[in-house]
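Participant: Build the full structure now, drawing on both the sequences and the hints.
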Amino acid sequence: MDTFLEARGLKKRFGAIEAVAGVDLVVARGEVVGFLGPNGAGKTTTMRMVTGFLEPDAGTVRVHGHDLAADPLHAKAAIGYLPEGAPVWPDMRVRDFLRFVAEIRGLCGAERDERLEEVVHLVHLKPVLGQTLETLSKGFRRRVGLAQALVHDPPVLILDEPTDGLDPNQKFEVRELIRRMGEEKAIVLSTHILEEVEAVCTRAVIVNRGRVVFDGTPAELEAKAPADVTRNRLDHVFRQLTTSEVEAA
Amino acid sequence: MRAVRILARREFAAYFATPLAAVFLVIFLFLAGLFTFEFGGLFERGQADLRPFFQFHPWLYLFLVPAIAMRLWAEERRLGTIELLMTLPVRLRDLVLGKFLAAWAFCGLALLCTTPIWATVAWLGDPDHGVIVASYLGSFLMAGAFLAIGSFVSALTKNQVIAFIVGVLVCFVFLFLGYPVFLDFLSGWAPRFLVETVASWSFLTHFQALSRGVLDLRDVLFFLSTIVVFLAMNGLVIDWKKAA
Ligand SMILES: Nc1ncnc2c1ncn2[C@@H]1O[C@H](COP(=O)(O)OP(=O)(O)OP(=O)(O)O)[C@@H](O)[C@H]1O
Ligand SMILES: [Mg+2]
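For the protein sequence lines, the chains are A and B, in the order given.
Take 1 as the starting number for the first sequence in this note's numbering and just add one per residue.
Take 1001 as the starting number for the second sequence in this note's numbering and just add one per residue.
For the record, the hints were derived by calculation from the structure and aren't laboratory data.
Remember, it's a predicted structure, so these values are computed and weren't measured experimentally.
Computed footprint of chain B on chain A; a stretch qualifies when at least three of its residues, placed anywhere within it, have a C-beta under 8 Å from a C-beta of chain B:
hint: 1; region: 45–53
hint: 2; region: 74–80
hint: 3; region: 102–110
Computed list of lysine-lysine pairs in DSBU-like fashion (alpha-carbon distance at most 30 Å, straight line):
hint: 4; chain 1: A; residue 1: LYS11; chain 2: B; residue 2: LYS1241
hint: 5; chain 1: A; residue 1: LYS171; chain 2: A; residue 2: LYS126
hint: 6; chain 1: A; residue 1: LYS11; chain 2: B; residue 2: LYS1158
hint: 7; chain 1: B; residue 1: LYS1158; chain 2: B; residue 2: LYS1241
hint: 8; chain 1: A; residue 1: LYS11; chain 2: B; residue 2: LYS1242
hint: 9; chain 1: B; residue 1: LYS1242; chain 2: A; residue 2: LYS138
A virtual CB, placed ideally from N, CA and C, is assigned to each residue, including glycine.
Facilitator: Okay, here's the thing in structure tokens:
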């Protein structure tokens, strides 16, 4: 198995809050990992450490064979990252924004134009290319964030709530896209939609209060629900894992 | 260097994506004109030089340069785009430099827009063009030093208003150190070497030396090293916030 992403023992504390308290996240090529957990569980903080935005208090990160602390440039080059809330420069036009990301990521000339055309096609951005980012609807903005993460065709994708704010059609399309890309890449996506895990993920990792409380396939997750629960079985297990002290310990 | 160029280009273009650049240039030119012609009495002096124009630059920059610099990092933090920048495969040094160079180029553009005043003086009389060139260079370097201070202050906060006010204060200190009022007060009781040391830290002292037309390498180096020191501290602050 090619391990594309290997984060071990990640810890991060903000003052009195222990946001991440020893998280391992190991993802191989071909895996799509659903990163789940209640609000404030530490998903975003973990992703920020994996992408090099935050420095962990403890732990190591290896991306595509490069140690993030020792060789940040190569490690970062191997990651495509959609930050939480898809931040963008409001006054920039979509076309200029994507072009900037492509160039700063080392693409130029015909290759750059080809890649740009491809991501614009993949997430359906053609109609808004000339608009400034502040005038985009929430869903389109998210899609621009996704396009920005894909532009250099990275082996590792870290997507913080990629389908948040998308309409049902777009959700479907983005999930299809992620599943297709997942065959060659290692993908981590955070989400609050449990059906999404069944629909696209090969593995689910659930965190609660900064700790991993479940790591397994969606089928294994579902199997944890008692037999008498017939509807929303995943929700049931999720609640059980993230609200009971006994399970979380 | 490729990364610096791409970053600086985006940053420079961002000034012109909003009316910000136009508003700033108009205000700069208006104030420069007002000071030069109204208060400086460029024409009434009967001398063909640009001294009245340049002598107000330190005070003009005191407010205008922190206004440009305040958004450099504070804005990225507020928008969250700092997360995009910091996860790019780019050295921190290149990020700091790219932003700074774009802002400095913008100051250069503002200065360039004042050359009609030079042309007017050249047309009316026979000014010493060497002095004027040296003054422009001094003014540009001083703007860079103010900018580096402002960029550093901007990295400390995500509030642009705070970045502006603190930036003005720090810049003011660097100017005031060389102001006669302060130096006279100091020389009343402090030993001479101290007075000279303090004066040598002032932007005013070095700018005035350059604007007399004396192209002394030490004055140029003073501004350049001030820029380097503050940009290095700028990088340290960003790095430190990453671990905080
Ligand atoms: N910069 C910060 N300063 C202080 N506390 C922070 C900071 N960033 C995150 N936290 C805290 O760390 C904890 C984990 O936050 P994080 O954003 O990682 O949660 P999350 O799992 O992404 O939640 P959500 O599902 O709401 O996005 C929270 O308690 C949060 O308040
Ligand atoms: Mg989050």
